[in-house]
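Visitor: Listed in order, the protein sequences are those of chains E and W. Residue 173 is where the first sequence starts when you use the numbering used here, and the numbers rise one by one after that. Residue -1 is where the second sequence starts when you use the numbering used here, and the numbers rise one by one after that.
The hints are simulated quantities; they were obtained by calculation from the structure and are not laboratory data. The C-beta atom is built at its ideal place from N, Cα and C for all residues, glycine as well. Check each hint, because a few of them may be wrong.
Claimed, not checked - Here are some, though not all, of the chain W residues that point toward chain E, as calculated from beta-carbon distances under 7 angstroms: (1) Val60; (2) Tyr61; (3) Pro173; (4) Gln257; (5) Pro260; (6) Ser262; (7) Phe279.
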Amino acid sequence: MSKLGISRRTLVQGGLGLTVANFLPGTTPFAQAASMEESTIAAAKAAGATSVNGMIWSPYLVPMQPVIAEFTKETGIGIGAVQDISIFDAPQRAMAEALSRSAQFDFIHIDSNMIPSLASAGYLEPLDEYMKKANFKIEAVGDYGSFMTYGGHTYGIPTDGNVHIQYVRKDLIEDPDNKKRFADKFGKELKFPETWEENLRLQEFLMDPSKDLYGSGNLRNRANGVTWWYMIYYSAGGFPFDDDMKPTLNTPAGQYAVDIYLQDKKVNHPEAANWGTPQMIPRIAQGNVVSCQYWDGTAKLNENPAKSKTTGKWLYGLVPGSDFSGKRMHRSISSPLAAILINKYSPRKAQAAYLALWLGSGKNSIPIVTDPVNTFNDAWAKEHMASDAVKKAYSPAGVKAIETNFQVVAPPIYLTGYLEFQDALGKNLSEAYVGQLPAKDVLKKTEDEWIAIIRRIGQSKLKNDLASYKAVMPKRDNPA
Amino acid sequence: MAVAALSAAEAPPQASPRAISRQRAIRRFKLSLLAPLIALFAFLLVPVLLLQLYFSFHQWTVYLSSWWDADYVGIDLFKEVLTDPRFGWATLRSLAFATSSTLGCFVFGFMLAYLMKRPFRGQAIYYIIFILPMLTVPVVVAYTAEMMLYQSGPINDVITRLSGFEFKPSWLSNPNIALMTVSLLEIWNWTPFSFIIMLAGLSAIPKEPVEAAEILGASKWRIFWEVELPLLRPVILLALVLRFLEAMAEFPKTWALFQGGPGSATETLPVYIFMTTWQYFQISKGAAMSYIVMLMMVVIVLLAIQLLRREKRSLDKMYEQSDEPIAGA
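Work out the full structure: start from the sequences and follow the hints.
Guide: See below:
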């Protein structure tokens, strides 16, 4: 160094100066690391140009198309043949593909709760290596990214958060007359409900069937109703299996959840027993519902004045919790959580995987989750929560509610055989809701059916799965 | 000599070369018609049936191994299915649904066919209108019905206005009437099928017995009850059997509207088999169930064939009797 005429002190000072300058705003770093998106492009280019085929429901695909077009321009990897199958029918089709070890689809877009079943059937390609090559991370809010993992591997890239948030009619609970009547009747303030009991009381108090205004907009049909039951059950401190994979539904927490679940009948529309989203969402947006827990995408619809009569009339927040376990606990739910999974048998799995990563970057997915017409893809990434476009689509309060609920979001049964476990419970809850089964028998009957399922799938296999299930459960009782 | 003469007399007449060639051509034609069906059966249906048979005797779980490693379990799966209360209820629901919808389709189809029996002006337009429901895709029927059958929907509204009293059944959410709702939709959807068959049957009734009854002064009702109806019995039986088999397999409307719910009110055999196989992924149990249902259907078809043959024999006998010359004439 002295030969060059530069002293050690000068060199150290110069180095420090450059390091500091590197962090100053407005200065250009000498060697900037490639962004996640750039790394994905580079890895995809190396995999080679091709067209990938997949199974995806068109309302999900349409808002992705401009983002895919950009990827195609950069890498030559595009979309080929697409089977337009509803997310609700996709599990059956995917399992048929798995049984036949078919290479027809390079990717499938499906409820991520199917990951354990499809991975166990040998259909899924782990994405860890691709993510490493592309320097990619699932930057989801809270622990939500872990929903994509099973057995220590990542198998999916989320495209749709689908978390439940609480919806309460602001105009109704802030109405001075209602406030006074409520205070007179209950000696309490009419406010945003924090527990299931408060929520029921509020719904019952504000409903007015003569004006076609019902207290609840929750679903209670056989296919979806069970989703609501999980929220209540988890928030009461319940978990459906012990460490030995014995069902633990028929417990005080389980009975409490059944009781709250069935009380919804008092405040919901008389036809709710068979209503799904096509019936309920319009009722929420058109002002026929006081309060409910619902998928976050409905906030986009509510806040769209062209489609909703209730724009600006909603409060959004955390779903109710429970003190049943002795401490206040809140649990939201995400189901079906739409994600892109890659077929292990596909000859183009690398290209399909990189396309999935491209679509799953926080930055790239902003236009996807804010599409005003095809509102199926809901916000989920940390980057979404700070985006103005997302705030505009969901309203700032809506985004805040999404972020809050993500911190305590849980999955439904995250095990191999998920659909079977879920339908047994859903069927029995539905039977109780319509009076075909006494409420006290729901959990006993479900446990008996679950024991048969466990025996068939294999107790030891499911015990292994249990670790993945517990790993995706939220780590905190309440949002920060 | 006498024996030889007798043998020659008893021997069938030698067929001419032309007749033999004709018979061969007919046989070839029959074979050519049947060949695609035989090929379809041999290469497509038989392998599937065999695979299904394999699954119904082997317990296989999709999550653990390849299907050829499945454990042989003998008739355990059949026992499991036959002692499964859900399967029993599903069978009862399917039978109730198929019986009610078959009878409904038949009654309305027959009435329409009877109205259309004699040609009249503009008959073709009515014909088209009557068969339109059959041309509607069942899923479309289901979704259209869903929009119309809400408690406050147009159907209840129209009935309320016409009748003057409040008519508010919950077609889609009351478990006590949900299956009946699908049954009514099935009747609407498939009455044209019975209509077409019955119209063909009515057109094929020979005029002579009817004319003879008219000459003898029989009333219209008596002609219908004692002449036309007996002559139509084979056609009626065919219409009922075909419709019943089809109704037992009804899936799209039931699934699109109810998915087995509310509760388990519409969990019919096809719905339960679908759920077992493609929702629970119990391929082996689903295969065993399918075989049991298939055997049930085979028994029904065999009984129907037996009945049809009996009807045909009795009709043939009736015609033979009517052809016999009257004694002393």
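Visitor: Find the hints from earlier in the document that the structure breaks and name them by number, from lowest to highest.
Guide: Those not satisfied: there are none.
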